[in-house]
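Enquirer: The residues making up each chain are set out below.
Protein chains: 2
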Amino acid sequence: MVGYVIYGRGSFNQLDEILAPHRKPNLPMVFLVDHFFDGKALAGRVPLRGNDKIIFADVSYEPKTTQVDQLAQQLKDEFGSVSGVIGIGGGSTMDLAKAVGLMMTNPGSSADYQGWDLVKQAGVYKAGIPTLSGTGAEVSRTTVLTGPTKKLGMNSDFTPFDQIVLDPELTADAPANQRFYTGMDCYIHCIESLTGTYLNEFSKSYGEKALQLCREVYVNKTGWDADSDDKLMMASYAGGMSIAYSQVGVAHAVSYGLSYLLGTKHGLGNCIVFDKLQDYYPEGVKEFKLMVEKNNINIPQHICAGLSDEDFDKMINVSLGMKPLWENALGKDWEKIITREKLRALYEQL
Amino acid sequence: MVGYVIYGRGSFNQLDEILAPHRKPNLPMVFLVDHFFDGKALAGRVPLRGNDKIIFADVSYEPKTTQVDQLAQQLKDEFGSVSGVIGIGGGSTMDLAKAVGLMMTNPGSSADYQGWDLVKQAGVYKAGIPTLSGTGAEVSRTTVLTGPTKKLGMNSDFTPFDQIVLDPELTADAPANQRFYTGMDCYIHCIESLTGTYLNEFSKSYGEKALQLCREVYVNKTGWDADSDDKLMMASYAGGMSIAYSQVGVAHAVSYGLSYLLGTKHGLGNCIVFDKLQDYYPEGVKEFKLMVEKNNINIPQHICAGLSDEDFDKMINVSLGMKPLWENALGKDWEKIITREKLRALYEQL
Chain Z
1046 MVGYVIYGRG SFNQLDEILA PHRKPNLPMV FLVDHFFDGK ALAGRVPLRG NDKIIFADVS
1106 YEPKTTQVDQ LAQQLKDEFG SVSGVIGIGG GSTMDLAKAV GLMMTNPGSS ADYQGWDLVK
1166 QAGVYKAGIP TLSGTGAEVS RTTVLTGPTK KLGMNSDFTP FDQIVLDPEL TADAPANQRF
1226 YTGMDCYIHC IESLTGTYLN EFSKSYGEKA LQLCREVYVN KTGWDADSDD KLMMASYAGG
1286 MSIAYSQVGV AHAVSYGLSY LLGTKHGLGN CIVFDKLQDY YPEGVKEFKL MVEKNNINIP
1346 QHICAGLSDE DFDKMINVSL GMKPLWENAL GKDWEKIITR EKLRALYEQL
Chain H
1046 MVGYVIYGRG SFNQLDEILA PHRKPNLPMV FLVDHFFDGK ALAGRVPLRG NDKIIFADVS
1106 YEPKTTQVDQ LAQQLKDEFG SVSGVIGIGG GSTMDLAKAV GLMMTNPGSS ADYQGWDLVK
1166 QAGVYKAGIP TLSGTGAEVS RTTVLTGPTK KLGMNSDFTP FDQIVLDPEL TADAPANQRF
1226 YTGMDCYIHC IESLTGTYLN EFSKSYGEKA LQLCREVYVN KTGWDADSDD KLMMASYAGG
1286 MSIAYSQVGV AHAVSYGLSY LLGTKHGLGN CIVFDKLQDY YPEGVKEFKL MVEKNNINIP
1346 QHICAGLSDE DFDKMINVSL GMKPLWENAL GKDWEKIITR EKLRALYEQL
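Chains Z and H, in that order, are what the protein sequence lines are.
Counting along the first sequence from 1, when you hit position 181 you're at 1226 in the working numbering, and nothing is skipped either side.
Counting along the second sequence from 1, when you hit position 321 you're at 1366 in the working numbering, and nothing is skipped either side.
Pulled out of the complex, with its shape left as it was, chain Z reads as follows:
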């Protein structure tokens, strides 16, 4: 679990005070900030002290192990070590911050740690400040990274942030399409978690609450307001807690193949896939289509048109490698249910 959680409008203003006890002499706090904020007001509100540094992170693509390694090396070269790494942005920026924080103290490449419980050393102090709601990256014990051979996170007890600051004011200016795709990441998490075989009362309670909040935002409301930001930020947190104690399912397993091959961003990829999963999640997909229509969102079609057999095979391999996701969705006999042929047919529809 994340040790310290602050939630509230304007809580970003407490960041200087929050970081103060974690500062070490001569070692900077490093703020990894989504490049979307370069030149925007939020960047000017970052409480810089001494040799603190802002790095605007290019998250046009999701984080790669090479990017993590390069950032950690740059900080080691410049400062030796740092007091902490603070991620300010969406899921990619937060995952990048967690991974760089870990690689400040763990030897080798971040690619060496893609898997479960391979990280053996605590990283430096890490804080996360989401500016988009939905991924659950603020509470997860992973950092999803694309490496030389796989898209897989550094899952470990050392991965979660030490502190998160949940300030719904920060999500108010997000572009509507992006905000929808990321919000749907949460909605899809919940459907996958609540219909999965790994469910228990803990993950169910969180999943149901997150789902209800998503519905209030995307189904019941007629427009976007401050209350939408409040609710979706809480939905993201609860959705992340739900999957931490269960697992995601078909949409995520298929979407990982897309992002590995085509670089499709996670939220968007989930939407593209979930849109075609009526056989697996009939009620969820029906409601999803309603939300897409009601919120005037465009879901790209035919993104797999023209791909080669080799391309499809790559995506199928990545997807079928996500064993726990398939087992959660389809049960222990999942390999009999989702064949390579079925999966190919699904990718061809996207």
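In case anyone wonders, no lab produced these hints; they're calculated from the structure.
What you are looking at is a predicted structure, and each value in this text was computed from that prediction instead of being measured.
Some hints could be false.
Any copy will do: because identical chains look the same in the list, a pair fits if it lies in one copy or spans two.
[Unchecked claim] BS3-like mimics (lysine-lysine), calculated; alpha carbons at most 27 Å apart, straight line:
hint, residue 1, residue 2
1, LYS1266, LYS1249
2, LYS1368, LYS1109
3, LYS1321, LYS1381
4, LYS1165, LYS1069
5, LYS1339, LYS1266
For this one, chain Z is given, so just place chain H on it according to the hints.
Expert: Below, chain H alone, put in the same frame as chain Z:
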């Protein structure tokens, strides 16, 4: 926040494995176990190693600072220090374990730390295993203690458990009346939090979920089953999270006076008070009375009959000292609303 949370039926069986990395050479794990379990099967399942020790804690009365100090001194005399303190029981046992864990490293008396952020040193490793659901003590940053001059907790960032094990199997054999009173602690938390002025979306989400789970257990179901244990344990957790980010209200403020003077246990005291709070929480009290009736529970009446003026004054002083509770319930002008006379009249009804 509690750093490590396990939830699941049978998860108590993982306790040996969970504690292993926290053992220090020659220093025991000390299990503070509710005396209710003395001679019962659960006591035999505690994973004792080396010089580990079980202490059956007498929680006929709620924890006192003198009891905390005496237990900590006993452990220092016998072992010098300990690897950790594990509380197994209801809210009293868990609060006792947290307080003893803190007093293994902090000088003086636990009475010196009754208040907010007075604890300056991390305690020893602390784990909590609830066997009754409802108090939220498993997630709180306080330990409610009766001291020489006040009933007030050691509220601090060092107070929460490092680990909790939420195993709903452990609550199956609790006596029905006690289980109800403790469950209602959660229900009352939620009503107080959700109608309070301190509410935000974070505490609201948790409060609503906990309230819904309480209703499923006490209103919708026709009998007690394993699912009741699952849901009430999750309700307790969520209810505790809700008040951690908001505050309780009138029932708790009045009930603290009862327990200070008469030693009335917290869950029961809350029920006795809430039963008469229709002016403050009309809908909640109506539903509470329905649950009392449906579950064939006896709420004691006239417990304040025959008390002296001095007794009433003591209770009124303790109650009015709980300023944040009154402010949450009645707003900034609470002192104009709840006069000593009104409070005396309320106590006389109990």
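Enquirer: Look at each hint and say if it fits the structure.
Expert: Now for the hints, and whether the structure bears them out:
no. : hint               : verdict
1   : LYS1266 to LYS1249 : both (24 Å within a copy, 18 Å between copies)
2   : LYS1368 to LYS1109 : within (22 Å within a copy, 52 Å between copies)
3   : LYS1321 to LYS1381 : within (21 Å within a copy, 61 Å between copies)
4   : LYS1165 to LYS1069 : both (22 Å within a copy, 19 Å between copies)
5   : LYS1339 to LYS1266 : within (10 Å within a copy, 37 Å between copies)
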